[in-house]
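Chemist: Those protein sequence lines, which keep their order, are chains A and B. Heads up, the first sequence is in the working numbering, so the first residue is 196 and it goes up one at a time. Heads up, the second sequence is in the working numbering, so the first residue is 2 and it goes up one at a time.
Don't take each hint at face value.
Unchecked claim - FRET-style restraints, in silico, Cβ to Cβ:
no., chain 1, residue 1, chain 2, residue 2, range
1, A, 413, B, 71, 53 to 63 Å
2, A, 561, B, 139, 53 to 63 Å
3, A, 231, B, 73, 29 to 39 Å
4, B, 86, A, 476, 51 to 61 Å
Said to hold, decoys possible - Just a sample of chain A residues kept apart from chain B, beta carbon distances all over 10 Å, derived:
no., residue
5, 439
6, 649
7, 770
Hints were generated in silico from the structure; no laboratory data involved. Yeah, the Cβ is synthetic: ideal placement off N, Cα and C, and Gly gets one too.
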Amino acid sequence: MIVRVRTAAVLAAALLVASVMVAVPTASAAPSCSPTSSPTDGLAGDDRPVVLVPGWRGSPLQDTRTELEKRMNTGWQYLLFDYRSDSDEWAASEAVAGCLANYLYAVSERHIKAGGDGRVFVVAHSMGGLALRFAVQRGADPPPNAPAGTSRQDIAWRIGGLTTLDTPHQGAPWGDTAYADFLDMVGETVGGLGPIPEANSRASRCLAAHTAGDGLPEGCAAPPYLPATIPVHQVEGAATVRRTFFGLPAYDMIVGGDGIVPSSSSAGYLGSASGGTKGRQVSIETVACAMEAPSLLARAGVKVGSRAGWAGTVIGGELGTLAQLWLDGDALDALQAGRADAALLELLALTYGFMPCGHQGIATMPEAMDSTVEALRAQAAAQPVTDVQMRNLQLPREHGCGFAAPEGQFDGALLSDGYLEDPSGGFIQVEDVVLADLDGDRVGDGIAHLVCSSGAGGTSSALVVRTATRRVFDLPYGAEAQEQLPNLDVYRVRGLTVDERRLVVDADGRRPWESTCCPGAQVEVVYDLGRGGPRFASATDVTPDPSGGVVATEEGFGPVRLGMTFAEAVDAAGSDLVTAAESGSCAIVQYTAGAGTATAIVPSDQGVVSVIETPEGTRTDRGAGDGDPLDVLEALYGQTHSTGVIDTQAGSAAYASTEEGGGDFSPGPGLIGFPFDGVALGPPSVGGIPGFEYCSGA
Amino acid sequence: MARRGGSTPAARRLSLRALVLAPAAVLVLAAGVLTWWLLTRVDTPDSVAQPDTPLTAARAQQLAELMTSGDEGLLRRALVLPPEQPLEPSLARGLAGMQLDIDSETYEPTSEETATVEATTTDPAGSRTDWTLGLLLTDAGWQVVHTVPREDS
Numbered sequence: 196m197i198v199r200v201r202t203a204a205v206l207a208a209a210l211l212v213a214s215v216m217v218a219v220p221t222a223s224a225a226p227s228c229s230p231t232s233s234p235t236d237g238l239a240g241d242d243r244p245v246v247l248v249p250g251w252r253g254s255p256l257q258d259t260r261t262e263l264e265k266r267m268n269t270g271w272q273y274l275l276f277d278y279r280s281d282s283d284e285w286a287a288s289e290a291v292a293g294c295l296a297n298y299l300y301a302v303s304e305r306h307i308k309a310g311g312d313g314r315v316f317v318v319a320h321s322m323g324g325l326a327l328r329f330a331v332q333r334g335a336d337p338p339p340n341a342p343a344g345t346s347r348q349d350i351a352w353r354i355g356g357l358t359t360l361d362t363p364h365q366g367a368p369w370g371d372t373a374y375a376d377f378l379d380m381v382g383e384t385v386g387g388l389g390p391i392p393e394a395n396s397r398a399s400r401c402l403a404a405h406t407a408g409d410g411l412p413e414g415c416a417a418p419p420y421l422p423a424t425i426p427v428h429q430v431e432g433a434a435t436v437r438r439t440f441f442g443l444p445a446y447d448m449i450v451g452g453d454g455i456v457p458s459s460s461s462a463g464y465l466g467s468a469s470g471g472t473k474g475r476q477v478s479i480e481t482v483a484c485a486m487e488a489p490s491l492l493a494r495a496g497v498k499v500g501s502r503a504g505w506a507g508t509v510i511g512g513e514l515g516t517l518a519q520l521w522l523d524g525d526a527l528d529a530l531q532a533g534r535a536d537a538a539l540l541e542l543l544a545l546t547y548g549f550m551p552c553g554h555q556g557i558a559t560m561p562e563a564m565d566s567t568v569e570a571l572r573a574q575a576a577a578q579p580v581t582d583v584q585m586r587n588l589q590l591p592r593e594h595g596c597g598f599a600a601p602e603g604q605f606d607g608a609l610l611s612d613g614y615l616e617d618p619s620g621g622f623i624q625v626e627d628v629v630l631a632d633l634d635g636d637r638v639g640d641g642i643a644h645l646v647c648s649s650g651a652g653g654t655s656s657a658l659v660v661r662t663a664t665r666r667v668f669d670l671p672y673g674a675e676a677q678e679q680l681p682n683l684d685v686y687r688v689r690g691l692t693v694d695e696r697r698l699v700v701d702a703d704g705r706r707p708w709e710s711t712c713c714p715g716a717q718v719e720v721v722y723d724l725g726r727g728g729p730r731f732a733s734a735t736d737v738t739p740d741p742s743g744g745v746v747a748t749e750e751g752f753g754p755v756r757l758g759m760t761f762a763e764a765v766d767a768a769g770s771d772l773v774t775a776a777e778s779g780s781c782a783i784v785q786y787t788a789g790a791g792t793a794t795a796i797v798p799s800d801q802g803v804v805s806v807i808e809t810p811e812g813t814r815t816d817r818g819a820g821d822g823d824p825l826d827v828l829e830a831l832y833g834q835t836h837s838t839g840v841i842d843t844q845a846g847s848a849a850y851a852s853t854e855e856g857g858g859d860f861s862p863g864p865g866l867i868g869f870p871f872d873g874v875a876l877g878p879p880s881v882g883g884i885p886g887f888e889y890c891s892g893a
Numbered sequence: 002m003a004r005r006g007g008s009t010p011a012a013r014r015l016s017l018r019a020l021v022l023a024p025a026a027v028l029v030l031a032a033g034v035l036t037w038w039l040l041t042r043v044d045t046p047d048s049v050a051q052p053d054t055p056l057t058a059a060r061a062q063q064l065a066e067l068m069t070s071g072d073e074g075l076l077r078r079a080l081v082l083p084p085e086q087p088l089e090p091s092l093a094r095g096l097a098g099m100q101l102d103i104d105s106e107t108y109e110p111t112s113e114e115t116a117t118v119e120a121t122t123t124d125p126a127g128s129r130t131d132w133t134l135g136l137l138l139t140d141a142g143w144q145v146v147h148t149v150p151r152e153d154s
């Protein structure tokens, strides 16, 4: 009852003042971006830009800028983002998140043009922290001169870090409740409580307490996690109201927050959105303050007194509700449980407005500013990438594994302990991680070799780089290699080696006729290392030649030539001779050459070497041979020979002959045959056709 | 040409102006009076409803004795406290070392159930401090809600 009486008095008084003394018309602004944010044209490349984002109905954080400049000026430049005219909108709105994304993009671009790395740091008070989360999810609008249909610009990599000052990551207990009205009026009455969303505004409704979005009213988008590469530092105010009598402490009342945002929310980034939390760099600093209840009341009285001539009445005015609070165990229970209670809210309003670590005070509180400066320094410092970070990597939206992170759902591509399930049934697994300086800044970066499976059989590889400056990008080794090796599908990584100058990717290449199981080519893709990261240098087919350079000609293979006698062939084979014997109507000389053992056949009716069967992996001097498709034969011999395919007792065979149509395929010079399985050629037979019987009784 | 009776154009303009301005003046005056009345209603103690039971000199004396008794049980009877709220042990001890004078003549109601009163403490070293006490009328009579040092003390 007392509360109701006091509330009525407070509301009536507020209405009176509002209607009689401070009848200021409400400005209605178009939902366009405010032109009063700090200009970006003075950015220096050597300075690190910090954008200060206010909270609901907040003015640009000029006082925060002043405090930060006192502590850390050289090398830093603080810019004020202004969205006053739309700050009763929910943080996800175009007028807030959209404008912020565009502003951050503009700052980043300007920084790059000035010679910087484009990384922008954000310090956000209250709802400003939520605005940043939505802004990164949304991305920036394409430049005005971009072609129609250009998609929004990803700004995630441009954000060097976020520091939140009492941001309600998990909402606030008074959001979307009738208490929002009450608190709003108390704020107006006590005076200068400043930025509280209008009751029933979207900002007020959407600030309902929630866990990972569960509990938000309809139409309120849940704030998404930032990509894991963006470190988040949370500064939370923790107020204690100390009750005293005649200056002697009686007991402490732990407010459990800053008067409006409970600690669980202002330090509740993790758990505020759906998705995994591994690999995220999140820190919390609690800045505490305690104030004796009489001092709190006195401070409120002075403030109100100076504003509206009510000096002295506040102590009496607040007396009833505070007395009720002190008496009412339920109110204290509500405080402990984080629930709203009318008497409690009035105390919280005082805390909010008048305590150093209260919601308003924290934006300039010395301890909070110290913590912010420390966080900025840590975020700006390039830290060597770790193996754990690489195995819990936030993949870029587009990466070589073929499926993209769903728009706006960063956790759709978040590796967890080196593994990620593709929603379509496949998976991504970290095969290997290499840590090295890839961008020449002398701080270790990381490159992850990912094995990708679509779930339909077969695997491919992707390479994802994360730099110490937290930029994450795909290394399109396959596409870049194919520019130089158009007949090869370079699709699978076998290994990575890095030295100071270059990164070498050893990869499998597949020729068009080869199946995914058995790639025939090996490719070396080389990247030069230096400022800016790996730059593609070359791709080379380094498939080992099994023949050791020994090729089949129309005259012979290795030391043995067509037309040699048996004895001459044995002599020519020399130490490479394996066997020399008669077999049926032929004499056979086997000798080592190229990748294996060749067989020279001396039919007795001819008395000289007429056919030489070469070992696997052998090619002709024109380049046709084991593994090639039939059209290679046509391409290489078609101008000077007749080519074709004939059936033999052992299956099909292809040939190139100096005689029209192959003549009668008599063994001897001018004829080269190949086993042909319908897909690819086998090793050549010099002077003969594989499958033809040249020796009887063998 | 004979002129027909009636006002001159100048007189007509005057009466038209009076017709417009007079109600406006009345409205401004009424708004001013209303504003003055509303403001003085809030600021003037006369507009505050009076408690049924004023703070007597005897109750003021009793409150002072309870608070300086050194006994926590007695101290609790003088203070507005949540039930079961533990107190710093030093509170009762510290208050016991003080001399407390509550001046019931300064009693000033702020609502049907609240009031303020001036008090003075003298510590063992003889140092004096003036306070404004916030009071709440409960079933146990007037109790102390808080004690705010007076700026002029």
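Chemist: Decide, hint by hint, whether the structure agrees.
Modeler: Hints versus structure:
At about 60 Å, the beta-carbon gap between residue 413 (chain A) and residue 71 (chain B) stays in the expected band of 53 to 63 Å. Checked against the hint of 53 to 63 Å, the C-beta distance between residue 561 (chain A) and residue 139 (chain B) comes to roughly 41 Å, which is inconsistent with it. Checking the proposed 29 to 39 Å range against residue 231 (chain A) and residue 73 (chain B) shows it is violated: the Cβ atoms sit about 58 Å from each other. For the hinted restraint 51 to 61 Å between residue 86 (chain B) and residue 476 (chain A), the CB-CB distance of approximately 42 Å leaves it violated.
A beta-carbon of chain B comes within 10 Å of the beta-carbon of residue 439 (chain A); the shortest separation is about 7 Å. With a least CB separation of 64 Å from chain B, residue 649 (chain A) remains clear of the 10 Å interface cut-off, as annotated. Consistency note on residue 770 (chain A): stated as away from chain B, and its beta-carbon is indeed over 10 Å from all of that chain's, at 102 Å minimum.
Taken one by one, the earlier hints fail for this structure at numbers 2, 3, 4, 5, listed in ascending order.
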